[in-house]
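K.L.:
The lines below spell out each chain.
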Amino acid sequence: MVEERIRVLIAKPGLDGHDRGAKVVARGLRDAGIEVIYTGLRQTPEQIVQTAIQEDVDVIGLSILSGAHEYYCRRVLELLKEKGISDIVLIVGGVIPPEDVSMLKSIGVSEVFGPGTPISKVVEFIRQVVKK
Amino acid sequence: MERALKGDFVAIGKLISVLEKEGEERRELLKEIAPLVGKAYYIGITGAPGVGKSTLVDKMVGFLRGEGYKVGVIAIDPSSPFSGGAFLGDRLRMQRHATDPGVFIRSMGSRGALGGLSKAAPYVAKLLDACGFDFIILETVGAGQSEVDIVKTADTVIIVLVPGMGDEVQIIKAGIMEIGDIFVVNKSDKEGAQKLTRELETWIELGYKGASWVPPVLMTIAENGTGVDKLINALKGHRKYLLESGELEKRRRKRIAEEISKAVEDMLKERIVKNLNKEQMNLYVDLVLNGKRDPYSIAEELVNNLY
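First to last, the sequence lines map onto chains A and B.
The numbers in this note's numbering rise by one with no breaks, and the one at position 86 of the first sequence is 86.
The numbers in this note's numbering rise by one with no breaks, and the one at position 192 of the second sequence is 192.
To be clear, the hints were calculated from the coordinates, so they are not data collected in a lab.
Since the model is a prediction, treat every value here as computed from it, not as a measurement.
Possibly wrong hints are sitting among the right ones.
Capping the alpha-carbon separation at 27 Å, the derived lysine-lysine pairs in BS3-like fashion look like this [claimed, not checked]:
no., chain 1, residue 1, chain 2, residue 2
1, B, Lys152, A, Lys131
2, B, Lys278, A, Lys83
3, B, Lys278, A, Lys131
4, B, Lys278, B, Lys152
5, A, Lys83, B, Lys21
6, B, Lys262, B, Lys39
7, A, Lys131, B, Lys274
8, A, Lys81, B, Lys6
9, B, Lys70, A, Lys83
Using the sequences and the accompanying hints, generate a full structural model.
P.N.:
The following block contains the structure:
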C-alpha cells in the first residue's frame, strides 16, 4: 500500500545563480521520504505558482539569496490568493537578514530557515504543518 | 470534476493527487473519467538517463503548441527505494511552458513501480485526455533495458538513444529495443551518431522485413530543436498508420482488457488486505514458520473466504 506522500516545490526566483543550497535542501527532503519537485533557477513568481498548482504541492520552498525576498514572497502569496489557494504553505530559505524575518512572517510566510539550519529541522516543520 | 473538465488547473492538479492514492475514491473518479476518454493521442518517450528525453519533450511541446494543440505532459522520475522520497527534476527543462494555459505538466515519482512508469500514470493520462488535452506525452524514468510498461499506455512509443553507449550488440538485445515505433538518435552532432543511425537502420530492416510499419530512425539535437519537426511528422505518420491499419483499435482493445484485469487485481487485493490485520498476518506467518501450513494454501483460503 502506498501511503500519501508529502510534495514540496523547491524553486529559485529571480536572477541570482546559486542553487547549491536549494539542491542540498531538495536532496535532504528526498531522503526524508518527501517528493520534491525541482524547477531550477530564474523562476518568475507566475511560473512558481502555476507549477505549484499543476503539481498539487503541499509546500512551496523559495531559496532566495538576492535580497529581494520581500518582493518575491509578497508576489507569490498574492498570486496564490488570486487563484483561491489557501492550503499551500510558503517557506523561505537563504540569506535573510534577521530583522526581516518577522516582516516576512507577518505577510504570510510560514517559516524562514537561515544558513546553518539542519535539514532535520526543515523536515520536522514540514511534517508538522502538512500532517498527512 | 466539473471544474477540471472546464480546464481549471487547480482542480486538475487536485484530481491527479486523488488518482495517485489506491482505493475507493480513485475507483469512483476513474468511473467518471472512463466515458470521456479516447480523444487524445498518447505518446511515450523512453530511453536511458541523460539522453535528452525532457529536453526533447520540451521542444515537442513547443512545436505542438505552435500548431494550436493543447498538450499534457506526465514526467516520471524514480522514487527512492529507501526513503520513498523523490527528486523530480524533469520539468526543469520545460519551465518555459509553466505559465502557458494550453500546457499541463505533472511530475510523478515512480513509487515502487519497475516498468518505467508509475502505477497511476496511465490514470493521469486519462484524466488529461478527458480534460481536453489533444496530446498526452508520457516521459518514463531513465530506462535501462526492460522498462517496457510504456507500450501498454502509449499509442506511439519513441525510443531515444545517443551515440557512445555501446555497440551493435546492445541494439540486438531483447526488451526496450523491441517496443519502439520511432527511434531517435539525439545529440546527433556528437561523434558516432551517423554510425549508430546506420546500425539501427540495418537491424530494423532485418527485423521488420515485410512488416506494415517499419520504425524510422531520426537524428535530432534537442538542445537547439534540430530535427524536432521531422520527429513530429514521423509521429503523425505513425498515427495515420495506426488508424488506417486498424492497429490503433487493436492496441486500445488490448489495453482495455488489461485494465479490467488490473482493476480486478487491485480490488481483490484491497478487500483482502482490508480484512487482514497485522495480528492475523502474524498468526499466519507463525503457522508457516512452524511448518504447519504453507503460504499458498493460506492465500487460497483468504481468496475463497471473500465469497
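K.L.:
I'd like to know which numbered hints this structure contradicts. Please list them from smallest to largest.
P.N.:
1, 2 and 4
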